[in-house]
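There are 2 protein chains.
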Amino acid sequence: MAERLKQFMNVHLDFINREIEYQVERLNAPQILKESMLYSLKAGGKRIRPLFVVAVSEMFNNKQKEVYTVGAAVEMIHTYSLIHDDLPSMDNDDLRRGKPTNHVVYGEALATLAGDALNTLAFGVLARMENVSPEKKVELINLLSIASGAEGMVGGQVLDIDGEKKRYNLAELEQVHVRKTGAILRFSIEAGAVLADATSEARRALIEYARHIGLAFQIQDDILDVEGTSDQLGKTAGKDEASNKNTYPALLTIDGAKQKLEEHYQSALKALDNLSEDTTLLREIANYIISRNH
Amino acid sequence: MAERLKQFMNVHLDFINREIEYQVERLNAPQILKESMLYSLKAGGKRIRPLFVVAVSEMFNNKQKEVYTVGAAVEMIHTYSLIHDDLPSMDNDDLRRGKPTNHVVYGEALATLAGDALNTLAFGVLARMENVSPEKKVELINLLSIASGAEGMVGGQVLDIDGEKKRYNLAELEQVHVRKTGAILRFSIEAGAVLADATSEARRALIEYARHIGLAFQIQDDILDVEGTSDQLGKTAGKDEASNKNTYPALLTIDGAKQKLEEHYQSALKALDNLSEDTTLLREIANYIISRNH
Numbered sequence: 001m002a003e004r005l006k007q008f009m010n011v012h013l014d015f016i017n018r019e020i021e022y023q024v025e026r027l028n029a030p031q032i033l034k035e036s037m038l039y040s041l042k043a044g045g046k047r048i049r050p051l052f053v054v055a056v057s058e059m060f061n062n063k064q065k066e067v068y069t070v071g072a073a074v075e076m077i078h079t080y081s082l083i084h085d086d087l088p089s090m091d092n093d094d095l096r097r098g099k100p101t102n103h104v105v106y107g108e109a110l111a112t113l114a115g116d117a118l119n120t121l122a123f124g125v126l127a128r129m130e131n132v133s134p135e136k137k138v139e140l141i142n143l144l145s146i147a148s149g150a151e152g153m154v155g156g157q158v159l160d161i162d163g164e165k166k167r168y169n170l171a172e173l174e175q176v177h178v179r180k181t182g183a184i185l186r187f188s189i190e191a192g193a194v195l196a197d198a199t200s201e202a203r204r205a206l207i208e209y210a211r212h213i214g215l216a217f218q219i220q221d222d223i224l225d226v227e228g229t230s231d232q233l234g235k236t237a238g239k240d241e242a243s244n245k246n247t248y249p250a251l252l253t254i255d256g257a258k259q260k261l262e263e264h265y266q267s268a269l270k271a272l273d274n275l276s277e278d279t280t281l282l283r284e285i286a287n288y289i290i291s292r293n294h
Numbered sequence: 001m002a003e004r005l006k007q008f009m010n011v012h013l014d015f016i017n018r019e020i021e022y023q024v025e026r027l028n029a030p031q032i033l034k035e036s037m038l039y040s041l042k043a044g045g046k047r048i049r050p051l052f053v054v055a056v057s058e059m060f061n062n063k064q065k066e067v068y069t070v071g072a073a074v075e076m077i078h079t080y081s082l083i084h085d086d087l088p089s090m091d092n093d094d095l096r097r098g099k100p101t102n103h104v105v106y107g108e109a110l111a112t113l114a115g116d117a118l119n120t121l122a123f124g125v126l127a128r129m130e131n132v133s134p135e136k137k138v139e140l141i142n143l144l145s146i147a148s149g150a151e152g153m154v155g156g157q158v159l160d161i162d163g164e165k166k167r168y169n170l171a172e173l174e175q176v177h178v179r180k181t182g183a184i185l186r187f188s189i190e191a192g193a194v195l196a197d198a199t200s201e202a203r204r205a206l207i208e209y210a211r212h213i214g215l216a217f218q219i220q221d222d223i224l225d226v227e228g229t230s231d232q233l234g235k236t237a238g239k240d241e242a243s244n245k246n247t248y249p250a251l252l253t254i255d256g257a258k259q260k261l262e263e264h265y266q267s268a269l270k271a272l273d274n275l276s277e278d279t280t281l282l283r284e285i286a287n288y289i290i291s292r293n294h
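Residue numbers (my numbering), protein chains in the order written: chain A, 1 to 294; chain B, 1 to 294.
For the record, the hints were derived by calculation from the structure and aren't laboratory data.
Owing to the predicted nature of the structure, the values given are computational and were not obtained by experimental measurement.
Heads up, a few of these hints could be off.
Derived lysine to any residue pairs resembling SDA-like cross-links, with alpha carbons at most 25 Å apart [to be verified]:
1) K136/A <-> L27/B
2) K34/A <-> D278/B
3) K245/A <-> E284/A
4) K46/A <-> S276/A
5) K245/A <-> E108/B
6) K34/A <-> K245/B
7) K258/A <-> A202/A
8) K166/B <-> L224/A
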């Protein structure tokens, strides 16, 4: 990992993790529910989404502590989607990040409810932020709702499941992934800009960066599912092919997918050229995303 | 049904239903997902929660059309909770309001996702309201998140499931129901007051009314599960006893439950005595809730 990114993570990951845990621990709620929510939140995610919120906001010299709260909110949405996605009626995964999935530990009913509670809590923590104007809170809540709901992540999951019965072409596959993984990454990046009062030009450039990073992220995921081992990934490798998923390697061959990955990586970097701020960190995160092995 | 309530429903139910449908139909989302969301939204609910928002707001002479949007949001939360509650891993119900449940029609995966999308959408529609200040939107979103999440409805469902393994005393059972059904009813009533800029004294009286109405609502539900027929209820009667649920009749006998119902009904009416506004409608809704047969 590049030096600047390593240093950035050293500074911020602890704050992000503490904010995530604090927001659940402070709840006046049944202990077993909090335990189940925290189990998945603490299962060792890379925190890419919160890191994006912080990195973008910091690029514009915004150092308010609420970046961690917005990061926690987006991690809650990401985590709830994994819990529900792993359920027997969905992808039926027993292993996630090398650990038993939520429903394996807590049962399906509680896993469903823990996911529901995390989804709801994300909007609550945004509404309760200090030192952020009501206007900005409403904007962030609106963006998160669009990114994570029927028009974004959940809609993408529906298309993904539906796709097991048919073959998508490249444009259709991109649409699935723009929604399924791209929308929440885009939110993370855009939220950092909203918190920092970035200009609309800067925001446009970041959204373009986010679009390509989102697709690159998903293509790397698809490639890892083919080339990685279960041990490395912390989840069952080769599941996409087994469940007849629409993926980049299936559509373009593994070499074609790698070429597409490189194209989106380059386009993401190019989008950053439109910013006058120091974009070193965002370039390093992009590189980290396309070269990660889990 | 009392005349005033009948007339009130005639005026408002159409607007409520149209707003609910509009908020889903306008989404740029996969058709099958929208269909699944609308299937449960249109499955013939009584719309008690949206009616409370409108009734309370109208009592303070607030006639803005956003009362329907807040009503739609709370109905989305209520509906998502029913979809998830009916899943095989939860209550495993095939029938709801006399129709096959969502997962019976659309499969478990899509039912889970339709529920998730409705949960998320509720916060989005609140954030996107016109003619409501950002401050009020944030307050409503915060209240809805608390009422529907780990500290409210979802927490109550966890206690309810947990209770199948033990016997609650009356105070514990009240705690389950204050969260499980009470919190969302309270939100509906409080939201009407927020929209109408009610005084804090009026709000306190309404919250007290809401607390008793919420418990009365749940006790009547419990009684109907024992005394009603499946045909009348539109869902399987006698399920509580079969699944060893903690209920008022199980704890207090059916006569004891009916007495408790009457007590909470009287306390709800008494709370309204603290208001100088015309509370006829709220009294009629209270009566409707305790005398309904489905």
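Hint-by-hint comparison with the structure:
no.	hint	result
1	K136/A <-> L27/B	holds (23 Å)
2	K34/A <-> D278/B	violated (43 Å)
3	K245/A <-> E284/A	violated (30 Å)
4	K46/A <-> S276/A	violated (28 Å)
5	K245/A <-> E108/B	holds (18 Å)
6	K34/A <-> K245/B	holds (22 Å)
7	K258/A <-> A202/A	violated (29 Å)
8	K166/B <-> L224/A	violated (46 Å)
Checked against the numbered hints given earlier, the structure breaks hints 2, 3, 4, 7, 8 and satisfies all the rest.
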